[in-house]
Amino acid sequence: DSGVTQTPKHLITATGQRVTLRCSPRSGDLSVYWYQQSLDQGLQFLIQYYNGEERAKGNILERFSAQQFPDLHSELNLSSLELGDSALYFCASSSREGGYTDTQYFGPGTRLTVL
Amino acid sequence: AQSVAQPEDQVNVAEGNPLTVKCTYSVSGNPYLFWYVQYPNRGLQFLLKYITGDNLVKGSYGFEAEFNKSQTSFHLKKPSALVSDSALYFCAVRASYGGSQGNLIFGKGTKLSVKP
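These protein sequence lines map, in sequence, to chains B and U. Residue 14 is where the first sequence starts when you use this note's numbering, and the numbers rise one by one after that. Residue 4 is where the second sequence starts when you use this note's numbering, and the numbers rise one by one after that.
Bear in mind the hints are in silico, worked out from the structure with no lab data behind them. You can take every hint at face value.
Derived lysine-lysine pairs resembling DSBU-like cross-links, with alpha carbons at most 35 Å apart:
(1) 70(B) <-> 114(U)
(2) 22(B) <-> 111(U)
(3) 25(U) <-> 22(B)
(4) 118(U) <-> 52(U)
(5) 61(U) <-> 22(B)
(6) 61(U) <-> 25(U)
Use the sequences and the hints to build the structure in full.
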C-alpha cells in the first residue's frame, strides 16, 4: 500500500457527462500528479500540482481540469466525456516539488468507463 | 526527443531462472530512471531508481537494475524468478525539458510471465 488513496475505484458514465476523481496524497507529500493509462496511449502524464499550485502540464485535454485543495487532496474533473476517455486514471504523490530525484508513489487508480 | 523504449511486449521465464526486462532511454542531460511494477487491477508500485553513482541499483523484492550510459540502457534483473513476479513492468525516465519537465515518461510496459 503506497499510502495514496483514490476514489472512486470504478466509475461508469455516459458520453457528454462530467465526473470528478479524487486523490489524497501520502501524509506529508506536497506534490500530486495525475496520469492516464489507456490501451492505445499507454501511461501519460496529465498535470502536476505542488502545494495548491499548478506546476507542470502534460497531455491534458482542455475538457479536463484539476485542482489541489488546502488540505492537499486533489480532484481531476473530466467533462463532456467521450468514449475515448475511458481509461485508468492514476494519482501519484511525492514529497517535493517534483525534483528529478523524487520518487512518485502511485494510488490504486480509478477506472473510468464511458458508455 | 525524450523517450523510453521497452522492446519486448512479453518476457517468459521459468521459475528459478534469472530474468531480464529490457529498457532503453533517450533524454537530454543526466538520466533519472525508474522501474515500476503493476499487478492486475492494482496501481503502480515503485521498485527502484537510478539517480547517480553505482551502475547497479538494488530495489524491492530482490530486483536490481543495471545502468549502462554508453548503451543508454537500464535493464531490470532478478537472479531467480518467482511465479509471483508475474506482472506488468514499466520503465520510466524523468522528463528534462518541456511543459512536463520533471515528470515521468513511461515505456509501453513489458508483461512478465513466470511459469512454475
